[in-house]
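> Single-letter residue listing:
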Amino acid sequence: GAVVSQHPSRVICKSGTSVKIECRSLDFQATTMFWYRQFPKQSLMLMATSNEGSKATYEQGVEKDKFLINHASLTLSTLTVTSAHPEDSSFYICSAARQGPYEQYFGPGTRLTVT
Amino acid sequence: GQQLNQSPQSMFIQEGEDVSMNCTSSSIFNTWLWYKQDPGEGPVLLIALYKAGELTSNGRLTAQFGITRKDSFLNISASIPSDVGIYFCAGQLGFGNEKLTFGTGTRLTIIP
Chain Z
37 GAVVSQHPSR VICKSGTSVK IECRSLDFQA TTMFWYRQFP KQSLMLMATS NEGSKATYEQ
97 GVEKDKFLIN HASLTLSTLT VTSAHPEDSS FYICSAARQG PYEQYFGPGT RLTVT
Chain B
71 GQQLNQSPQS MFIQEGEDVS MNCTSSSIFN TWLWYKQDPG EGPVLLIALY KAGELTSNGR
131 LTAQFGITRK DSFLNISASI PSDVGIYFCA GQLGFGNEKL TFGTGTRLTI IP
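Just so you know, the protein sequences line up as chains Z and B, in that order. If you count by my numbering, then the first sequence holds residues 37 to 151, one letter each, in order. If you count by my numbering, then the second sequence holds residues 71 to 182, one letter each, in order.
Watch out, some of these pointers could steer you wrong.
Okay, derived cross-link-like pairs now, DSBU-like style, lysine-lysine, Cα gap no bigger than 30 angstroms in a straight line [claimed, not checked]:
#1 Z:100 to Z:77
#2 B:121 to B:140
#3 Z:91 to Z:56
#4 Z:50 to Z:77
#5 Z:102 to B:121
#6 Z:102 to Z:91
#7 Z:50 to Z:100
#8 Z:56 to B:106
#9 Z:77 to B:140
Stretch by stretch, here's where chain B covers chain Z in the computed footprint (C-beta under 8 angstroms, at least three residues) [unchecked claim]:
#10 64-70
#11 79-88
#12 140-150
It should be emphasised that the hints constitute simulated quantities derived from the structure, not laboratory data. No residue lacks a Cβ here, since even glycine has one placed at the ideal position from N, Cα and C.
Please take these sequences and the hints and turn them into a complete structure.
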């Protein structure tokens with residue numbers, strides 16, 4: 037149990053376009069999901085905390101108008117990178133928090149390349 | 071954002087050797103977690119620690135929650151090829167639905 041999926045696994049887009057990444061908890065409900073960004077050979081940096089039915093909480097330095105997060109149901113959160121630029125190319129990873137035993141489970145990640 | 075300091079940054083060992091790595095923070099955390107990440111994948115939880123001083127094992131892995139709540143240690147005994155990867159510690163102020171602060175990572179390589 038406790039499987040989290042992400043779609044797509046890889047995406048290449050042109051500069052200026054928008055890309056949507058989905059994060060789903062497949063076998064549990066997650067009131068809270070998190071979005072991370074990981075650059076090559078670096079650690080995971082939290083971008084935002086997504087709560088079902090409410091606005092996301094963004095970390096300092098993360099542009100909320102550029103990285104739109106929607107958590108419309110207990111099993112789905114989406115991250116939309118708007119007007120993507122090459123510097124947005126990164127590995128985006130989501131996690132979902134399952135209550136009792138209070139653990140977070142990570143998705144397999146989405147590799148975004150902006151050309 | 072804040073990151074936890076992990077050491078060593080990388081390790082090159084032979085199969086069968088034991089491995090030790092640690093993670094330190096300038097602030098207190100009430101939960102410590104250890105994850106392993108393979109290339110191109112998301113992190114996988116290895117061990118979760120919830121009490122200061124707690125020592126927890128998961129197979130060949132043993133982790134400890136430092137008594138000061140500002141550090142944690144992970145040991146791997148008798149390393150095998152599938153142990154290769156990047157190990158991250160993560161601290162959490164509360165429980166599962168609170169955000170994680172990740173360490174800088176320790177890259178483990180096994181020399182044939």
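> None of the hints should be skipped; say for each whether it holds.
Here is how each hint holds up against the structure:
Annotation: proposed proximity of residue 100 (chain Z) to residue 77 (chain Z) holds, straight-line Cα distance about 25 angstroms (limit 30 angstroms). About 12 angstroms separates the Cα atoms of residue 121 (chain B) and residue 140 (chain B), which keeps this hinted pair within 30 angstroms; it holds. Proposed proximity of residue 91 (chain Z) and residue 56 (chain Z) is supported: the alpha carbons are some 17 angstroms apart, at most 30 angstroms. For the given pair, residue 50 (chain Z) sits about 24 angstroms from residue 77 (chain Z) by alpha-carbon distance, which is consistent with the 30 angstroms threshold.
The straight-line distance between the Cα atoms of residue 102 (chain Z) and residue 121 (chain B) is roughly 39 angstroms, outside the 30 angstroms bound, and the hint therefore fails. Between the alpha carbons of residue 102 (chain Z) and residue 91 (chain Z) the distance comes to roughly 14 angstroms, so the proposed pair stays at or under 30 angstroms and holds. Distance restraint check for residue 50 (chain Z) and residue 100 (chain Z): the Cα-Cα separation of roughly 21 angstroms lies within the 30 angstroms cut-off, and the hinted pair is therefore satisfied. Proximity of residue 56 (chain Z) to residue 106 (chain B) is assessed by CA-CA distance (about 27 angstroms); at most 30 angstroms being required, the pair is judged to hold.
Among the hinted pairs, residue 77 (chain Z) with residue 140 (chain B) is consistent with the structure: their alpha-carbon atoms are about 25 angstroms apart, no more than 30 angstroms. Counting residues of the region 64-70 of chain Z whose beta carbon lies closer than 8 angstroms to any beta carbon of chain B gives 3, which reaches the threshold of three, so the coverage claim holds. Requiring three or more residues with a Cβ within less than 8 angstroms of a Cβ of chain B, the coverage given for the region 79-88 of chain Z holds, as 5 such residues are present. Closer than 8 angstroms: that is the beta-carbon criterion, and the region 140-150 of chain Z has 7 residues meeting it against chain B, so the requirement of 3 holds.
Hint 5 from the earlier list is the only one contradicted by this structure; the remaining hints agree with it.
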